[in-house]
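S.K.: Model the full structure from these sequences, guided by the hints.
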Amino acid sequence: MLGKRPWKMAAVAAAISLLVAGCGSGDSEDPTATANTVVIGINEPQHLLPTNATDSSSAQVLNSLFYPLVSFDAEKKPVEVAAEKISASKNNRLWTIKLKPGYTFHNGEPVTAQNYIDAWNYGAYKPNAQGGGYFFERIAGYADLNPLDPDGAGPEKAPEPATNKMSGLKKIDDLTFTVTLSAPFASFKSVIAYSVFYPLPKAAFSSDGVIAKGFEDKLIGNGPFKMKGSWEHDDKIVVEKYSDFKGVVPKIDGVTWKIYGDQMAAYADLVSNNLDVQTAIPTDALANAPADLGERFLKSENSVFEFIGFPTFLPQYKNANVRKAISMAINREEIASQIFLGSRTAAKAFVSPVVSGFRENSCGDACNYNPTKARDLYRENGGPDEIKITYNVDGGHKSWVDATCNQIRASLQVKCIGEQEPKFAVMQDKLQNKQDIGLIRLGWIMDYPLMENYLNPLYGTNGGSNYYGWSSTAFDTLVKQGSEASSPEASIKKWQAAEDILADEMPVIPLRYGQNVFGYSERVANVEMDLFSKVNLYEIETVV
Amino acid sequence: MSDPTTAMVDSRPRGLAGDAWNDLRRSKIFWTSSVLVFLILLMAFFPTLFTSADPTDCALSRQHDGPSGGALFGYDFQGCDVLARTVHGAGNSIQVGLVSTLLAGLIGLCFGMAAGYFGGAVDAVLSRGIDIVLGIPFLLGAVVFSGRLSGAGDDGVTAVTLTLGLLTWTSAARVMRSSVVAAKNQDYVAAARMLGASPARLMFRHILPNAIAPFIVVMALLLGANIAAEATLSYLRVGLKGEAISWGLQIADAQKHARAAAAPLVWPSVFLAATVLAFIMLGDAIRDAFDPKLR
Numbered sequence: 001m002l003g004k005r006p007w008k009m010a011a012v013a014a015a016i017s018l019l020v021a022g023c024g025s026g027d028s029e030d031p032t033a034t035a036n037t038v039v040i041g042i043n044e045p046q047h048l049l050p051t052n053a054t055d056s057s058s059a060q061v062l063n064s065l066f067y068p069l070v071s072f073d074a075e076k077k078p079v080e081v082a083a084e085k086i087s088a089s090k091n092n093r094l095w096t097i098k099l100k101p102g103y104t105f106h107n108g109e110p111v112t113a114q115n116y117i118d119a120w121n122y123g124a125y126k127p128n129a130q131g132g133g134y135f136f137e138r139i140a141g142y143a144d145l146n147p148l149d150p151d152g153a154g155p156e157k158a159p160e161p162a163t164n165k166m167s168g169l170k171k172i173d174d175l176t177f178t179v180t181l182s183a184p185f186a187s188f189k190s191v192i193a194y195s196v197f198y199p200l201p202k203a204a205f206s207s208d209g210v211i212a213k214g215f216e217d218k219l220i221g222n223g224p225f226k227m228k229g230s231w232e233h234d235d236k237i238v239v240e241k242y243s244d245f246k247g248v249v250p251k252i253d254g255v256t257w258k259i260y261g262d263q264m265a266a267y268a269d270l271v272s273n274n275l276d277v278q279t280a281i282p283t284d285a286l287a288n289a290p291a292d293l294g295e296r297f298l299k300s301e302n303s304v305f306e307f308i309g310f311p312t313f314l315p316q317y318k319n320a321n322v323r324k325a326i327s328m329a330i331n332r333e334e335i336a337s338q339i340f341l342g343s344r345t346a347a348k349a350f351v352s353p354v355v356s357g358f359r360e361n362s363c364g365d366a367c368n369y370n371p372t373k374a375r376d377l378y379r380e381n382g383g384p385d386e387i388k389i390t391y392n393v394d395g396g397h398k399s400w401v402d403a404t405c406n407q408i409r410a411s412l413q414v415k416c417i418g419e420q421e422p423k424f425a426v427m428q429d430k431l432q433n434k435q436d437i438g439l440i441r442l443g444w445i446m447d448y449p450l451m452e453n454y455l456n457p458l459y460g461t462n463g464g465s466n467y468y469g470w471s472s473t474a475f476d477t478l479v480k481q482g483s484e485a486s487s488p489e490a491s492i493k494k495w496q497a498a499e500d501i502l503a504d505e506m507p508v509i510p511l512r513y514g515q516n517v518f519g520y521s522e523r524v525a526n527v528e529m530d531l532f533s534k535v536n537l538y539e540i541e542t543v544v
Numbered sequence: 001m002s003d004p005t006t007a008m009v010d011s012r013p014r015g016l017a018g019d020a021w022n023d024l025r026r027s028k029i030f031w032t033s034s035v036l037v038f039l040i041l042l043m044a045f046f047p048t049l050f051t052s053a054d055p056t057d058c059a060l061s062r063q064h065d066g067p068s069g070g071a072l073f074g075y076d077f078q079g080c081d082v083l084a085r086t087v088h089g090a091g092n093s094i095q096v097g098l099v100s101t102l103l104a105g106l107i108g109l110c111f112g113m114a115a116g117y118f119g120g121a122v123d124a125v126l127s128r129g130i131d132i133v134l135g136i137p138f139l140l141g142a143v144v145f146s147g148r149l150s151g152a153g154d155d156g157v158t159a160v161t162l163t164l165g166l167l168t169w170t171s172a173a174r175v176m177r178s179s180v181v182a183a184k185n186q187d188y189v190a191a192a193r194m195l196g197a198s199p200a201r202l203m204f205r206h207i208l209p210n211a212i213a214p215f216i217v218v219m220a221l222l223l224g225a226n227i228a229a230e231a232t233l234s235y236l237r238v239g240l241k242g243e244a245i246s247w248g249l250q251i252a253d254a255q256k257h258a259r260a261a262a263a264p265l266v267w268p269s270v271f272l273a274a275t276v277l278a279f280i281m282l283g284d285a286i287r288d289a290f291d292p293k294l295r
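From first to last, the protein sequence lines are chains G and C. 483 is the number that the UniProt record's numbering gives to position 483 of the first sequence; each next residue is one higher, with no gaps. 162 is the number that the UniProt record's numbering gives to position 162 of the second sequence; each next residue is one higher, with no gaps.
Quick caveat, the hints were computed from the structure, so don't treat them as lab data. Zero decoy hints are in this set.
With a straight-line cut-off of 20 angstroms between C-alpha atoms, the simulated SDA-like cross-links for lysine to any residue are: (1) G:LYS398 x C:ASP154; (2) G:LYS423 x C:ASP154; (3) G:LYS415 x C:THR56; (4) G:LYS373 x C:ALA59; (5) C:LYS256 x G:VAL271; (6) G:LYS388 x C:ASP57; (7) G:LYS398 x C:THR232; (8) G:LYS398 x C:ASP57; (9) G:LYS430 x C:GLY151; (10) G:LYS398 x C:LEU236; (11) G:LYS423 x C:TYR235; (12) C:LYS256 x G:ASP262; (13) G:LYS388 x C:THR56; (14) C:LYS256 x G:SER343; (15) G:LYS388 x C:GLU243; (16) G:LYS415 x C:ALA59; (17) G:LYS398 x C:ALA261; (18) C:LYS256 x G:ASN392; (19) G:LYS415 x C:GLY151; (20) C:LYS256 x G:HIS397; (21) G:LYS398 x C:LYS256; (22) C:LYS256 x G:PRO282; (23) G:LYS202 x G:GLY102; (24) C:LYS256 x G:SER399; (25) C:LYS256 x G:ALA291; (26) C:LYS256 x G:ASP394; (27) G:LYS415 x C:GLU243; (28) C:LYS256 x G:GLY342.
Remember, it's a predicted structure, so these values are computed and weren't measured experimentally.
M.R.: Structure, rendered in structure tokens:
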């Protein structure tokens with residue numbers, strides 16, 4: 001008798017353990033179905049090193065891996081996040097940044113002031129050729145790391161910088177550092193919210209000022225999620241919860257950033273619940289999206305500003321009146337409603353409505369559709385017989401460029417063609433070689449919510465995104481005066497005066513303001529997107 | 001033997017062409033496809049007979065409007081008249097198809113004749129040349145060639161014509177070579193050679209007229225195939241571009257809005273299918289007439 005029972009119990013135990021094991025293996029076959037993680041669609045990021053990553057897809061991914069010094073509240077005012085306190089001296093030139101204690105990088109290293117100083121110096125150092133390097137230009141000593149080319153675009157190379165440390169960055173103690181600006185700037189606190197200002201751990205550097213090989217594929221950040229595995233190019237980037245994170249803890253356990261080459265394929269995955277969030281529903285799917293997604297199809301304000309630029313080396317567009325005539329030939333409202341189905345709104349100013357200082361119709365008559373006046377003005381000023389608009393074919397711009405050309409053709413009675421280039425980079429090359437590429441389609445997403453961000457980078461003589469080469473000393477002076485003004489109100493006055501110069505000169509034609517037009521699957525809830533077109537990872541949650 | 005009545009009714013000796021015409025005359029497929037081809041050619045050369053609307057007159061206010069007045073097929077996403085664009089699209093398709101087929105024919109004829117007539121080392125070299133071109137995957141080659149050949153700002157017609165011409169001549173060359181090989185061993189060729197005819201005279205007076213029939217058949221079929229290939233390349237955005245009007249471009253643009261409006265997708269597709277079908281049917285009819293053995 002005694003001998004029998006243990007056998008029975010053992011059999012029951014074995015059966016239970018088999019059952020449990022069975023359940024376990026069943027779960028691991030399809031982890032996404034039950035796990036508290038979400039799948040968000042992006043394009044292949046160009047770079048992931050924060051100081052080099054300036055495209056929207058890398059910004060999304062970095063937002064999960066890093067925790068910014070400041071972020072913005074509902075009134076677009078900067079508030080401290082990873083920083084304990086950011087304070088400025090009276091003249092707004094010396095800024096003191098104190099970090100919150102206890103934060104660590106994903107490899108366990110504590111986050112210190114030195115991590116910020118190292119990362120920023122790396123980003124600003126010219127030989128590193130970082131895409132976001134120009135963000136550091138306000139910091140004293142930036143010029144020493146970026147010596148000017150003695151003969152401009154000529155054959156002579158710029159001299160090697162004498163130092164790779166900006167003199168304006170100074171460590172006070174482990175959690176405090178100061179930033180001295182080369183000129184006073186009252187709104188510097190807003191600037192450092194951008195992703196290029198993230199810190200880098202010691203492990204990122206193989207030696208002083210040299211990024212370790214392969215670091216970009218296996219980033220180590222200070223944010224709520226850490227990388228699981230490495231960046232699988234053109235496929236996915238998986239991040240999971242970092243358990244020692246001291247900041248605001250997200251409700252989800254991880255994100256799979258799924259990389260798509262074709263946004264229509266992403267949309268199909270969204271509709272079939274294989275993708276949880278698509279951050280930009282492609283234009284071609286907009287007509288069906290309300291029916292396909294119902295309540296899960298949303299729009300929110302963002303900072304996108306779309307426009308057409310006139311390369312200044314093209315003689316046929318030298319005359320500002322010709323540029324105004326082309327602008328008046330375009331019916332912005334019709335394109336916004338018929339082509340974009342209301343996902344964009346007509347732009348009649350040079351800055352987005354999301355920043356303070358925006359004025360409804362600062363562009364004046366030149367942005368109002370008036371075909372007869374446009375034709376008269378165009379004829380009087382001898383506009384060219386053929387207009388060409390060059391666009392990158394990978395961005396889904398064909399529909400609106402075709403429609404714009406049809407409107408220009410009808411209004412001005414000239415030939416108008418849309419010229420395709422495979423990538424934006426090809427357009428940049430052609431611009432640099434001063435080839436006749438006609439008008440160019442451009443867009444801008446702000447880096448920090450200030451009017452200045454729509455002015456200096458795009459039209460300043462040394463602006464990082466001034467692809468058309470427009471330049472005006474009066475404009476540069478006003479923008480600079482605005483940046484150095486003592487109060488935000490005084491700044492805005494100067495910047496508005498600078499915007500008026502743009503309205504007179506029309507170096508570009510404002511077309512549309514963007515909106516986040518996004519959708520989500522039945523698996524998630526509380527999906528929000530911010531002004532910077534980033535998914536709010538702290539609010540999103542999964543539903544069963 | 002199979003059709004003794006014909007021989008009895010008409011006792012005059014007839015050549016290959018005469019025989020073929022006699023067959024074609026009684027073929028329903030030949031007449032149907034001829035009428036279609038005639039209509040398509042008319043559309044290509046005189047589009048204004050079919051529509052008075054300007055295909056570039058587009059207005060967003062008419063987006064996806066239904067049929068009205070002259071616009072029998074309605075309007076597309078950009079508010080262009082679908083009928084006008086479809087009719088005007090025939091011109092580019094036919095032009096690219098005809099010119100590229102002629103180009104391919106010319107290359108194929110030269111290669112095939114030379115390889116077949118001279119034989120030996122010349123044949124070996126030329127035949128390997130044909131094999132090499134045949135080995136280029138068509139779409140890959142077309143994407144690369146038309147990309148390289150088309151300049152910025154042009155409409156791509158020349159580039160696509162050259163691309164198709166340069167990639168599709170191989171079957172014509174092979175057919176030509178084999179029929180030249182067969183013809184040159186005939187007694188009458190030997191006789192002409194013994195009478196002192198020059199190689200050029202032998203090739204063009206004696207061999208070519210007797211070896212050309214299969215080549216003509218290949219040409220007719222190639223025409224249909226090249227029209228379809230142009231539409232394919234344009235659809236993939238590596239063919240016609242810019243302001244050019246093409247069925248392939250129309251289909252590519254309308255496909256995205258097919259759920260909102262089907263007509264702008266359906267009509268160019270129908271015209272494209274009808275055109276390709278007409279040329280292929282015509283090619284089939286001609287082949288049957290010239291080469292009854294294949295029937």
